[in-house]
Structure formats: C-alpha cells, structure tokens
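Trainee: Input sequences plus hints: build the corresponding full structure.
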Amino acid sequence: MDFFISQLISGLSMTSILLMVSLGLAIIYGTTGVINMAHGEFVMIGAYTSWILQTKLGMGLIASIIPIFIITAIMGFLIERLIIRHLYNRLLDTILATWGIGVLLQQLIRLTVGSELKYLKIPPFMAESMNLFGQEVSIYRVFIFLFAVAIFFLAWFIIYKTSFGIKLRAVTQNKDIASCFGINSGVVYSSTFAFGTGIAAVAGAFVAPLKSISPDMGTNYIIDAFMVVVLGGVESLIGTAASSLIIGESSSFLASFSNDTLAKALVLIMIIVILRIKPQGLFTKRIRS
Amino acid sequence: MSHKNELLNLESIVVDFDGFKAVNDFNLNVNNGELRCLIGPNGAGKTTVMDIICGKTKSTSGKVIFDNESITNLEEHIISQKGIGRKFQIPSVFKELSVQDNLYVALNSHLGFFRNIFKFFGQKDKEKIDEIAEFVGLKDDLDKTAQYLSHGQTQWLEIALVVLKDPKLILMDEPTAGMTNYETSQTAELFNKLKNSHTLIVVEHDMGFVKEISDIISVMHQGKLLSEGKANEIENDDKVKEAYLGKKGITNA
Amino acid sequence: MTKKILKNDYFIYGLVCFSLFFVPVFLDDPFYINKSSTYICLGLLAVSLSLSWGYTGILNLGNAVFFGLGSYCMAMSLKLKTDAVHTGSGGLPDFMVWNNVEVLPWFWEPFYSLTFGVLAGIFVPVLLAIVLGFFIFRGRIAGVYVAIITLAVMLVVYLIIMDQQRFTGGFNGITDLVMLKVGGLEFDAYGSSAYYLIAAVMTIVIFLSLLITKSRAGLIFQAIRDDENRVRFLGYSVGTYKTAAMCLSAAIAGIAGMLYTIVMEFASPTFLAVPLSLSIVIWCAVGGRQSLLGSFLGAIVITAGQGFLSETETFLHTWTLIMGLVFVLTVLFLPKGIAGAFEKYLR
Chain A
1 MDFFISQLIS GLSMTSILLM VSLGLAIIYG TTGVINMAHG EFVMIGAYTS WILQTKLGMG
61 LIASIIPIFI ITAIMGFLIE RLIIRHLYNR LLDTILATWG IGVLLQQLIR LTVGSELKYL
121 KIPPFMAESM NLFGQEVSIY RVFIFLFAVA IFFLAWFIIY KTSFGIKLRA VTQNKDIASC
181 FGINSGVVYS STFAFGTGIA AVAGAFVAPL KSISPDMGTN YIIDAFMVVV LGGVESLIGT
241 AASSLIIGES SSFLASFSND TLAKALVLIM IIVILRIKPQ GLFTKRIRS
Chain B
1 MSHKNELLNL ESIVVDFDGF KAVNDFNLNV NNGELRCLIG PNGAGKTTVM DIICGKTKST
61 SGKVIFDNES ITNLEEHIIS QKGIGRKFQI PSVFKELSVQ DNLYVALNSH LGFFRNIFKF
121 FGQKDKEKID EIAEFVGLKD DLDKTAQYLS HGQTQWLEIA LVVLKDPKLI LMDEPTAGMT
181 NYETSQTAEL FNKLKNSHTL IVVEHDMGFV KEISDIISVM HQGKLLSEGK ANEIENDDKV
241 KEAYLGKKGI TNA
Chain C
1 MTKKILKNDY FIYGLVCFSL FFVPVFLDDP FYINKSSTYI CLGLLAVSLS LSWGYTGILN
61 LGNAVFFGLG SYCMAMSLKL KTDAVHTGSG GLPDFMVWNN VEVLPWFWEP FYSLTFGVLA
121 GIFVPVLLAI VLGFFIFRGR IAGVYVAIIT LAVMLVVYLI IMDQQRFTGG FNGITDLVML
181 KVGGLEFDAY GSSAYYLIAA VMTIVIFLSL LITKSRAGLI FQAIRDDENR VRFLGYSVGT
241 YKTAAMCLSA AIAGIAGMLY TIVMEFASPT FLAVPLSLSI VIWCAVGGRQ SLLGSFLGAI
301 VITAGQGFLS ETETFLHTWT LIMGLVFVLT VLFLPKGIAG AFEKYLR
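Residue numbers (my numbering), protein chains in the order written: chain A, 1 to 289; chain B, 1 to 253; chain C, 1 to 347.
Because the hints were derived from the structure by calculation, they are not lab data. Check the hints yourself; a few may be wrong.
[Stated by the list, open to error] Taking lysine-lysine and the DSS-like style, the derived pairs with C-alpha atoms no more than 30 angstroms apart in a straight line are:
#1 B:168 / B:82
#2 A:56 / A:167
#3 A:278 / B:56
#4 B:56 / A:175
#5 B:95 / C:336
#6 C:214 / B:126
#7 C:181 / B:119
#8 C:214 / B:119
#9 C:214 / A:175
#10 B:128 / C:214
#11 B:165 / C:214
#12 A:278 / B:58
Mentor: So this is what it looks like as structure tokens:
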C-alpha cells in the first residue's frame with residue numbers, strides 16, 4: 001500500500017509538471033492550429049529569466065512569476081505578429097518555422113548567457129518535506145502540483161466563462177465566420193499565443209530548481225508536451241489534463257520497475273499505439289471531415 | 001424497371017455523426033445509363049450520400065449495392081477499381097503537376113507500385129492524353145501547371161481525370177459551381193456526351209442546368225428522400241416547393 | 001539555349017556528381033578529404049528525406065533512425081573484424097567485455113559476415129519502414145501525427161540503444177573500428193579511397209532516385225503529396241505507395257549511414273537523435289525539398305559551413321544562429337527552398 005501511495009504521489013508530481021508545460025501548447029495548438037516547436041524553448045527562457053531575476057536582482061521565485069509571464073508573453077506576442085501570422089494558411093509549415101525560432105532562442109541564450117549549466121535553489125521556505133498520507137514529500141513539489149491545478153482552472157475559467165473565451169472558442173471552430181460576427185481573430189490569436197508562451201515560461205521557472213538549467217533543456221519538454229497534447233485530443237482541456245495524468249503516472253510507475261530510460265521508451269510506445277487506435281486523441285468527437 | 005437494369009441501390013442508409021443524423025434511412029435506385037440529379041437544400045445530406053457511395057465516409061447502417069455486388073464500407077480505392085468515379089465539390093487535381101502529368105497519373109490500368117516504378121511516359125500515352133484533353137478543351141494547356149488553370153478549367157481537368165478511368169458510375173458534386181454561363185453550357189454538353197455510355201449522378205443547385213441534363217431528379221431533405229420524378233413532376237410537388245424550390249418553381253430557384 | 005540545358009535534370013545531376021569526384025585532386029589534407037566524405041553522406045541523407053517529404057509529402061521527423069540503424073549495422077560488422085580487447089580476434093568487442101558480457105548476443109552473430117552487415121544496413125531500415133508504413137498509413141494517419149509518431153519511434157530506438165549499453169555500446173556507441181577491406185581494396189577513412197567509394201555510391205544512388213522520381217510511380221508519389229484523396233479515388237492504394245516511398249527513403253538513409261560509419265570510424269546514438277533528425281529537415285527546407293539535388297546541396301553547404309566555422313565555439317553558435325534565421329526566412333518566403341526559386345527562374 002505504501003508503495004502504491006508513493007508511486008501515486010511521485011506520478012502526480014510528474015503529472016503536474018507535464019500539465020503546466022503542456023497547457024500553453026495545448027491552448028495554442030487547439031485554438032490556432034499552430035504547432036509550436038519552440039514551446040520547449042519558452043520553458044527554457046522562463047527558467048533563465050527566473051535565474052537572472054533571482055541571481056542578479058535578488059527576487060524570490062514567487063515575486064518573479066508575474067514579471068516572467070509578462071516578459072515571455074510579450075516575446076510570444078511579437079513572434080506571433082512577425083512570423084506566425086504569415087503561416088496560417090499553411091499550418092504544417094509552422095512546425096518548421098517554430099523549430100527555427102527555437103534554434104534562434106537557444107543560440108541567443110548560448111551567445112549571451114553562455115552554455116554552462118546554471119543552478120537555482122528551491123526557495124528555502126519550501127525546501128523541507130512534509131508528511132502526506134504517510135509519505136515524505138517535498139513541499140516544493142506539492143506547491144507545484146497546487147499551482148498547476150490553479151493554472152489549469154484559471155485557463156478553464158478564461159476559456160469557458162469569459163467573453164474573451166467565447167471569442168476564442170468561436171475563432172477555434174471557424175475563423176472566417178467568427179470574423180463575420182466582428183470578432184478580431186488576429187487579436188485572439190496573438191493573445192492566445194502570448195498566454196500560452198507565458199504559461200510555458202512560468203512552468204520553466206518552477207521546473208528550474210528541480211534539475212539544472214541549460215540552453216537545450218527545452219528539447220525534452222517539447223517532446224513530452226507534444227505527446228500530452230496529441231494524446232489528449234486537440235481542443236480539449238480535459239484531454240490535456242487526462243493525458244498528463246496518464247503519461248505522468250505510467251512513466252513513474254514503469255520507472256520503478258526498470259529505469260527512467262526504458263520507462264520513457266515504454267510510455268512512448270504506449271502513446272504510439274493509442275494514437276494508432278484513436279488518431280484524434282482520447283477526447284475528440286467525430287465530425288464531418 | 002427490371003432489377004437487371006439497376007446499377008446502384010442504396011438501402012436504408014443511415015449516417016450518424018455523434019448524434020446528428022446527416023443521412024436518415026435513405027433509399028436510392030439508379031438504372032444503367034441514367035443521368036440522375038440529386039438536389040435539395042444545403043445540409044440535406046447530398047454530399048454525404050456521395051461520400052457513402054464512393055467510400056469516403058462509412059455509413060452507420062444500411063447497404064450500398066453496385067452492379068449486384070455489395071460495396072458497403074469498402075475502401076475507397078477498391079470501390080474506385082470496381083468502376084465508380086467521383087468528382088468533388090472543391091476541384092481536386094494535382095496542383096503542382098502539369099495538366100499532362102495529371103492525366104498521366106489517371107491514365108492507368110496497372111495500379112501496383114512495382115509495375116509503375118518501371119513505367120515511363122511514352123508515345124501511346126501521349127495519344128490517349130491528347131484525346132481526352134481535346135474532349136475537355138484542355139488541349140492547348142497540357143504543359144501548364146494545374147494550379148494556374150482557371151476555375152472552370154480545373155473542374156474540367158478533374159472531370160477528365162475521372163472519365164479517363166472509364167467508370168460505369170460517375171458521381172459529380174456541384175460540377176458547375178463557380179462557372180460562368182458559358183462554361184456551364186459547355187459542361188452540360190459534356191454531360192450529354194457522357195450520358196449513354198456511363199451512368200451519372202449529379203448533385204447540383206443550378207436548376208437551369210439540372211433541367212437541361214436530367215432524366216430523373218431525386219430531392220433530398222434533412223437526410224431523407226423527399227420526392228423523385230421528372231423535372232415537371234418535381235416542379236409541381238408541394239412538398240418540394242415548401243422545402244426547397246419556393247412557390248415559383250424550378251425556373252426561378 | 002543555356003536555359004534548356006539547365007532544365008535537363010540528368011545533365012545537371014551528372015555535372016554535380018562528376019565534379020565531386022575531383023575534390024581529392026584539389027584537397028591534399030586528409031582531414032579535409034575525410035570531412036568532405038562525411039558531407040556527402042549527409043547529403044545522401046537529405047536526399048532520402050527529400051524523396052519521402054518533398055515528393056510524397058510525408059514529414060518524417062525521425063528519418064535519422066534509418067541512417068543510424070544503417071550505421072550501426074556497418075559498425076557491428078567492422079567491430080567484429082577488429083581485434084577485441086583481452087580476448088583476441090574472434091572474441092568479444094571491447095565494450096561488451098567491460099560490461100561483463102560473457103557470450104556474443106545472437107543478433108551480433110550474423111554480422112561476422114561483412115556481406116550480411118551491408119545487406120542488413122539496407123534491409124533493417126527498410127523493414128522498420130514497412131512496419132511503420134503499415135502502422136501509420138493503413139491507419140490513415142496524416143499530417144502532424146505522422147511527424148510526431150515518426151519522431152517518437154526514433155526516440156524509442158534511441159532510448160533502447162542507450163539503455164542496452166552492454167550490447168550496443170550505449171552512450172559511447174561502437175568505436176575503434178578497423179578500416180573497411182573488400183576484396184583486395186582498402187578504404188582509408190582519411191584517404192581518397194574512401195572518398196571515391198562514397199562518391200561512386202552517391203552517384204549511383206542519386207541517379208536511381210532521380211529515375212524513380214521520373215517514373216510513373218514517382219509521379220504518383222507527387223500526386224499523393226498534392227491530393228491523396230484524389231489518388232485514392234483513381235484506384236491507387238495510397239497506403240501502399242506511402243509505405244513504398246518510406247522504404248526507398250529508408251534504404252537510401254541506411255546506405256548513407258553505412259558510408260558514414262566508414263568515414264567517421266564509429267557509430268553513435270547521436271546518429272539517430274533528435275538534433276540530427278531535425279537538421280535534415282532544415283537542409284531540405286533551405287536547399288529545396290522538392291528537388292533531390294537541392295536537398296543534397298543544401299545539406300552539403302550547411303554542414304560544410306558548420307565544419308569550417310567550428311574553430312571557436314562562438315563561431316559555431318553564431319553560424320547555427322544564422323542558420324536558424326535563414327531557415328525561418330526560407331519557410332516564410334521561399335517555401336520551395338533555393339532549388340525551388342531557381343526552378344522558378346528557369347521558367
């Protein structure tokens with residue numbers, strides 16, 4: 001029983017990180033159809049921004065959340081306006097363009113901040129562990145979990161309970177008709193992109209203390225995030241949450257029987273098989289093509 | 001009409017999209033050599049019926065029988081090989097290939113990969129292609145890349161692609177959409193040429209065109225067959241007037 | 001008149017291949033000859049993606065997996081010809097000994113034969129392509145999902161190779177290989193012998209690929225790229241053709257991988273990793289993915305540029321930065337790459 005609970009908790013920790021990282025990607029892909037291969041790099045940017053704010057300006061993690069979000073959201077907004085908006089009629093090319101942007105962001109970091117690994121400490125008041133259902137769990141990880149849930153509900157609220165959300169959903173379903181109703185799809189797309197990249201950066205800030213910070217840390221996250229989004233089904237927030245859970249728990253579970261590497265391989269195989277059976281993801285509807 | 005003359009039977013076709021029945025217990029019988037027009041308001045299910053026949057969409061229930069053989073829910077290329085050709089609403093040709101190359105792809109009785117690796121364009125192919133290009137009025141545009149054709153020309157190219165395979169049944173989905181009056185009358189001429197050697201089912205909105213080419217008209221409404229008969233019968237049918245044509249009849253639709 | 005000659009593909013391809021044979025005449029330094037050999041291998045790798053992506057429309061983000069598998073097959077054969085550590089010729093490869101492996105694994109055995117190794121270098125990737133093809137294309141998976149699944153498959157292979165260190169060399173790969181010897185010929189990785197071998201194979205492969213693109217099957221590939229539904233409704237089994245395109249692509253990549261191992265003198269998991277796989281996409285996008293030669297030259301120019309600038313790290317990073325920018329600009333303004341722009345000019 002103990003083992004089961006500890007597995008569950010460690011899986012939930014992974015789930016929450018996956019969810020935070022993937023949420024932005026899911027929203028961007030779901031709304032605009034843009035496949036943002038640079039998403040991992042935005043996570044990386046968030047981590048580096050956090051590092052700069054903390055080491056150079058002495059800011060704490062919590063205090064830096066808003067600045068990190070704003071700085072990255074502006075970057076995302078600019079990138080959408082300058083580059084992405086030219087590609088809405090050829091969405092598959094967004095894989096290429098955003099991959100290029102990712103390369104650019106990585107190289108810019110290498111040339112300015114440098115390629116050596118950077119480290120951040122977990123905020124001291126969260127560095128201890130607490131007792132949860134009989135297990136010793138890092139408070140920081142619990143915090144990440146709670147924050148991920150909060151962000152998820154924030155996103156859900158914005159999309160389903162605000163007028164901006166209605167516009168966003170309208171534009172997702174049918175951009176042209178939405179325009180006929182006076183909805184400025186350009187603004188919706190830019191804001192969505194900004195929001196999505198902003199969340200990614202915040203996720204990066206949270207993830208930073210857990211391992212190390214490097215210019216190429218984004219590469220791992222993009223693949224994980226993609227698997228989450230594609231498995232969950234496009235246009236489904238619930239799907240994103242569910243697939244984060246599935247992938248998080250099974251990774252953790254499988255890792256306890258073998259090792260991280262093999263666990264990752266097995267999870268990937270599982271995803272490939274599921275995609276083959278339900279190519280549109282786990283939570284989509286059948287529509288007239 | 002004897003059963004022997006029937007080429008296509010649709011029996012109790014239902015197509016259910018997540019609760020919405022696009023096609024609801026639909027029946028259709030088309031005879032050999034006929035030119036049947038399928039009309040009805042938008043959303044009536046006409047294109048979905050075409051999709052069912054050629055295999056693009058799978059039916060939820062019901063049967064499709066072609067030339068006394070069940071083709072229900074078979075794969076598209078198999079259905080195509082059995083002799084059904086489909087022309088789409090949005091012209092689908094190979095945009096980056098030349099007109100000649102487009103036709104070369106269609107002109108083929110050997111469909112397997114290994115045979116086609118060793119086949120190259122030859123004189124015999126050129127002759128057949130010139131012939132069909134003449135038939136659809138594209139003889140002077142053989143070297144043009146398909147994306148630079150006018151809308152009407154693209155429609156004709158697609159018709160040529162379909163006709164090249166000499167299918168027994170040709171499905172045409174709004175063939176005159178976007179065409180000028182001149183192009184529309186050319187298309188009517190083309191259809192009348194095709195009529196007796198092939199069977200055609202045409203989905204259309206242009207009533208003048210429909211009157212010019214059709215033998216029998218089938219009217220669809222909300223996924224069902226509303227009415228069926230010759231042009232003047234349909235024109236005077238109250239149900240049809242209410243659902244689709246309006247009080248003034250075909251000529252004003 | 002010049003335009004007409006330039007429009008003749010066979011002539012241009014012939015010219016490029018022919019001139020590549022003269023490189024060792026002008027380059028004396030064995031280091032640069034070796035580098036040039038590697039660039040040609042990567043050029044072939046780009047050709048393989050061009051066939052599946054540019055011609056058939058299959059964005060295979062995991063194309064490097066075929067390259068890597070080919071390179072490992074060649075490495076395995078060459079390793080078994082190398083004098084092993086501790087146990088002498090005919091014994092176990094050194095890394096196995098270090099990992100306490102007692103007996104040569106069954107799947108290593110056939111690689112004692114170089115012929116088997118070479119055939120495996122082609123057929124193992126092709127076999128994977130067939131499996132993938134049936135899996136992906138029979139399931140009517142298209143667009144983005146193909147890209148993701150192919151990337152995931154490559155990752156799975158990469159992770160397995162990394163994990164099974166005792167049998168695959170893991171992180172370090174398979175190193176310390178003998179020179180390739182066939183018949184009486186020796187192919188020195190740093191000499192013109194290896195270069196000429198690679199140039200010869202490259203010429204044959206490129207011309208065969210060109211022929212394929214000009215056959216009716218090649219035309220059908222392009223038709224599938226343009227409108228696969230229409231191809232289906234003309235009676236063709238699109239899934240079969242897509243799988244065939246992927247197999248051809250896999251074979252070419254496998255051959256490129258084998259040649260690469262010969263000149264690099266090792267096989268490493270980086271040969272089937274994400275950075276390489278995505279680089280191939282950049283080479284094809286910039287060079288022109290709808291042109292075999294465009295992709296080939298794109299790869300050569302970009303990797304050669306990278307090679308000459310790796311003097312300092314800053315140069316390398318700046319070059320990569322510029323490449324990233326060029327890539328983005330190409331996607332925006334030159335979707336058919338440089339070859340595409342050239343072709344437009346020829347019209």
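Trainee: Taking the hints in turn, state whether each one holds.
Mentor: Each hint, compared with the structure:
Taking the CA atoms of residue 168 of chain B and residue 82 of chain B, the gap is about 8 angstroms. The hint holds against a cut of 30 angstroms. Distance restraint check for residue 56 of chain A and residue 167 of chain A: the Cα-Cα separation of roughly 40 angstroms exceeds the 30 angstroms cut-off, and the hinted pair is therefore not satisfied. Of the pairs offered as hints, the one joining residue 278 of chain A and residue 56 of chain B holds, with about 18 angstroms between alpha carbons and a cut-off of 30 angstroms not exceeded. Taken as a hint, the residue 56 of chain B and residue 175 of chain A pair is honoured in the structure, with Cα atoms around 26 angstroms apart against an allowance of 30 angstroms.
Distance hint between residue 95 of chain B and residue 336 of chain C is fulfilled; the C-alpha atoms sit about 14 angstroms from each other, no more than 30 angstroms. Taking the CA atoms of residue 214 of chain C and residue 126 of chain B, the gap is near 16 angstroms; set against the 30 angstroms cutoff, the hint holds. Among the hinted pairs, residue 181 of chain C with residue 119 of chain B is inconsistent with the structure: their alpha-carbon atoms are about 38 angstroms apart, more than 30 angstroms. Of the supplied pair hints, the one linking residue 214 of chain C and residue 119 of chain B holds, its CA atoms being roughly 9 angstroms apart against a limit of 30 angstroms.
Annotation: proposed proximity of residue 214 of chain C to residue 175 of chain A is violated, straight-line Cα distance about 40 angstroms (limit 30 angstroms). For the hint linking residue 128 of chain B to residue 214 of chain C, the alpha-carbon distance of about 19 angstroms falls within 30 angstroms, and the restraint holds. For the hint pairing residue 165 of chain B with residue 214 of chain C, the CA-to-CA distance comes to about 22 angstroms; that is within 30 angstroms, so the pair holds. Between residue 278 of chain A and residue 58 of chain B the alpha-carbon distance is near 16 angstroms, which keeps this suggested pair within the 30 angstroms criterion.
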